[in-house]
Amino acid sequence: EFLRPVTRREAYRADIVYGTNNEYGFDYLRDNMAYSLDQQVQLRRISQRADGWSSDFTSEQVQRGHHFAIVDEVDSILIDEARTPLIISAPDEESGELYKTFSRLVPKLHAPEDYTVDEKMKAVQITELGIDKMEQLIGRKLYEGGHEGESIKLVHHLEQALRAHSLYLRDRDYVVKDGEVIIVDEFTGRLMPGRRWSEGLHQAVEAKEGVAVQKESRTLATITFQNYFRMYEKLSGMTGTAATNAEEFHKVYKLDVISIPTHRANIRQDRADLVFRTEKGKFMALAREVKRLNQVGAPVLIGTVSIEKNERLAEIFKREGIPHEILNAKNHEKEAEIIAQAGKKGAVTVATNLAGRGVDIILGGNPPSAAEAEVVRGEGGLHVFGTERHEARRIDNQLRGRSGRQGDPGLTQFYLSLEDDLMRVFGSDRIKRMMESFGIPEDEPIENSIVSKAIEAAQAKIEGFHFDARKHVLDYDDVMNKQREAIYKMRANILESAAASESLRELVLGMIRDESKVIAESHFAADTVEEGIEELKKFLGALVPDVSPESIGKLDSAKNLGFESAREMADEVVAEVLEAAYQKKETDLGPVLHDAERVVMLQTIDLFWMDHLDQMDHLRDSVRLRSYGQRDPLVEYKNESLRLFRGLQDTIRQYAIQSILRIGTSDKGQATSSTQHVTSSGSRQSLAPNLVFSSAKNESANQSRPNVVTVTPGKKEPGRNDPCPCGSGKKYKKCHGR
Numbered sequence: 039e040f041l042r043p044v045t046r047r048e049a050y051r052a053d054i055v056y057g058t059n060n061e062y063g064f065d066y067l068r069d070n071m072a073y074s075l076d077q078q079v080q081l082r083r084i085s086q087r088a089d090g091w092s093s094d095f096t097s098e099q100v101q102r103g104h105h106f107a108i109v110d111e112v113d114s115i116l117i118d119e120a121r122t123p124l125i126i127s128a129p130d131e132e133s134g135e136l137y138k139t140f141s142r143l144v145p146k147l148h149a150p151e152d153y154t155v156d157e158k159m160k161a162v163q164i165t166e167l168g169i170d171k172m173e174q175l176i177g178r179k180l181y182e183g184g185h186e187g188e189s190i191k192l193v194h195h196l197e198q199a200l201r202a203h204s205l206y207l208r209d210r211d212y213v214v215k216d217g218e219v220i221i222v223d224e225f226t227g228r229l230m231p232g233r234r235w236s237e238g239l240h241q242a243v244e245a246k247e248g249v250a251v252q253k254e255s256r257t258l259a260t261i262t263f264q265n266y267f268r269m270y271e272k273l274s275g276m277t278g279t280a281a282t283n284a285e286e287f288h289k290v291y292k293l294d295v296i297s298i299p300t301h302r303a304n305i306r307q308d309r310a311d312l313v314f315r316t317e318k319g320k321f322m323a324l325a326r327e328v329k330r331l332n333q334v335g336a337p338v339l340i341g342t343v344s345i346e347k348n349e350r351l352a353e354i355f356k357r358e359g360i361p362h363e364i365l366n367a368k369n370h371e372k373e374a375e376i377i378a379q380a381g382k383k384g385a386v387t388v389a390t391n392l393a394g395r396g397v398d399i400i401l402g403g404n405p406p407s408a409a410e411a412e413v414v415r416g417e418g419g420l421h422v423f424g425t426e427r428h429e430a431r432r433i434d435n436q437l438r439g440r441s442g443r444q445g446d447p448g449l450t451q452f453y454l455s456l457e458d459d460l461m462r463v464f465g466s467d468r469i470k471r472m473m474e475s476f477g478i479p480e481d482e483p484i485e486n487s488i489v490s491k492a493i494e495a496a497q498a499k500i501e502g503f504h505f506d507a508r509k510h511v512l513d514y515d516d517v518m519n520k521q522r523e524a525i526y527k528m529r530a531n532i533l534e535s536a537a538a539s540e541s542l543r544e545l546v547l548g549m550i551r552d553e554s555k556v557i558a559e560s561h562f563a564a565d566t567v568e569e570g571i572e573e574l575k576k577f578l579g580a581l582v583p584d585v586s587p588e589s590i591g592k593l594d595s596a597k598n599l600g601f602e603s604a605r606e607m608a609d610e611v612v613a614e615v616l617e618a619a620y621q622k623k624e625t626d627l628g629p630v631l632h633d634a635e636r637v638v639m640l641q642t643i644d645l646f647w648m649d650h651l652d653q654m655d656h657l658r659d660s661v662r663l664r665s666y667g668q669r670d671p672l673v674e675y676k677n678e679s680l681r682l683f684r685g686l687q688d689t690i691r692q693y694a695i696q697s698i699l700r701i702g703t704s705d706k707g708q709a710t711s712s713t714q715h716v717t718s719s720g721s722r723q724s725l726a727p728n729l730v731f732s733s734a735k736n737e738s739a740n741q742s743r744p745n746v747v748t749v750t751p752g753k754k755e756p757g758r759n760d761p762c763p764c765g766s767g768k769k770y771k772k773c774h775g776r
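In terms of the numbering used here, the sequence shown opens at residue 39 and continues consecutively.
This list has only true hints and no planted wrong ones.
Below, simulated DSSO-like cross-link-like pairs (lysine-lysine); rule was C-alpha separation at most 30 Å, straight line:
id, residue 1, residue 2
1, K138, K253
2, K272, K676
3, K138, K191
4, K597, K576
5, K592, K575
6, K146, K191
7, K509, K676
8, K372, K215
9, K160, K215
10, K383, K372
11, K292, K509
12, K253, K191
13, K555, K622
14, K253, K160
15, K576, K622
16, K146, K215
17, K592, K576
18, K171, K191
19, K160, K138
20, K622, K597
Taking CB as the label site, the calculated pair distances span:
id, residue 1, residue 2, range
21, D506, A618, 51 to 61 Å
22, L680, G445, 56 to 66 Å
23, R142, K576, 50 to 60 Å
24, H105, K520, 14 to 24 Å
25, L680, D156, 28 to 38 Å
26, R142, G359, 38 to 48 Å
27, N60, R330, 37 to 47 Å
28, K289, K576, 56 to 66 Å
29, K146, R357, 32 to 42 Å
30, M322, R669, 48 to 58 Å
31, R669, K520, 15 to 25 Å
32, P43, G359, 42 to 52 Å
Since the hints were made in silico from the structure, they are not lab data.
C-beta: ideal position from N, C-alpha, C; glycine also.
With the sequences and hints as input, model every part of the structure.
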């Protein structure tokens, strides 16, 4: 009865809702793309009556907001996935041919002479020699004066192709399944269908693997888990591995980490790491130990960091005649069954990181056999071996935590080599020289607590680096978050006002008054009062064809006034004209107008917000270079983004008001159906073909654009005092010439 399938809206009406972090985040974004209150699930306003919950809009309604969240495996969601934003996007028109071209050419470049790879920073840098070679291959200059836009595009595609070929490996970072590139979660080893790398990286990997290159996408809405969960008034969580990240939880989320003692004493043995010279020697030694344990009936769980290493180790076990089960993202369907039997006598399980967080591996198998359980306990319980250290100590601790649960005996140990990624990238020269000077064979280890401590120190250093990176992302996203909140509040006001037509009317009239001041001021930037009045008359005539003679007379009389008095008179007249035009629309269209203006305002916000997100992405990339001029990129980003956001607010108001005033009486028939809805995937489908900004061919989220200024080669750019080509009626210098 309590687990019956229900709609999202019904689920969110419950006092306690259980769900996944992704769905909560996407529901929040979809709610803020809705075109009516009926489409919202999280943010829907509801009131409680005697007969239960009602969705009717009343003055007593309250919003079920973000009050209290309890996050399971809180470190995984708030730390590991902190830098992964949730994005609702729509396909762009970009072709995939350039990705295919550069994917064919990049293998002809060779490191380090043509490009350098920084594995610590996951970055690739092309050298001067590499640029020369690539220019010969493509038959044109990469950096060509006069064609900056095209040059940036080519360099971007080249850089992503280099990253795809040199940093992202098949069966480690992704798998190819059913003609698709699917990302592998680096922390859990699980496949993440539906997720895509951004900025063209996913397309570059698709081109590298020879599968269909999907279209690039434009962001419609985005939020990070950091900012989503920080909206909750109270936030808490639980995990077995938070202690190493206590500082980050406190600084970012204001959460204290409290360690709760185990129910039963932990008697597991955590042995010091064994370090080998080569990976081959490490695997040979591990195979010997696993074979010995298998013969006495001890269950063994081996953790690998990638599918590739997982399959390689399984092949060695097969050659050595060791019976085993293999578990990775390719056969995750059997995960529950394999893990259930991982504690059985003589079981050998080779798994990637996905060997379930929080899973109890029962000694003796499942269902448990008392006799087998005793044999297993007698041999020391579940033996867990790690084959590499992860960059985060928490992930290593999770693997150790598979053994010795609920007071059971157990043993854990890591088998490492100097060829492991962590050892190779973050330095092991001193250990390597020591092993070579003593002539230690490749399958003979060093077992020394000093070595283990050195490795843990390296991990702590990497964790600090990643914390700084996450904090850096958050600093920038906080700027974006304030703007997102303002835009979503604007949308919410429109939706709530639309449910009460009088409220929507007041909202539109307020926008008209604000726009009137802007129109009057912009035209009074002219050289003389008379010139400004004439420009204003032209603009009003284009926007409102039937301006009354009285209004024109008032404007003409203002020519004889001083500048400030004339501007005030113009402001008053513009407000009168626009309000009169709006009232005439109300008389002609009646209640239908309110449906139409709701859609127009929401479409306008969504259209320009999408452009603003693109601009903010470009700004974020460009401000980094300002550090060379001794300027703080974050401060520059805040200043520039504020300027962009103020411009966005002005543009939204301008286009919304002008569009509402241009809804003609001939649209009355269509206006009744002028609504939009948001599909479950987040894409918008327009049902208003005759409204401004909508398109009859709009099947995804693409909408026809309002007029924009385009300066084509051979055409003279407008003079500063010429009318702006966008049709606003303003001078070019006060509109798109700024």
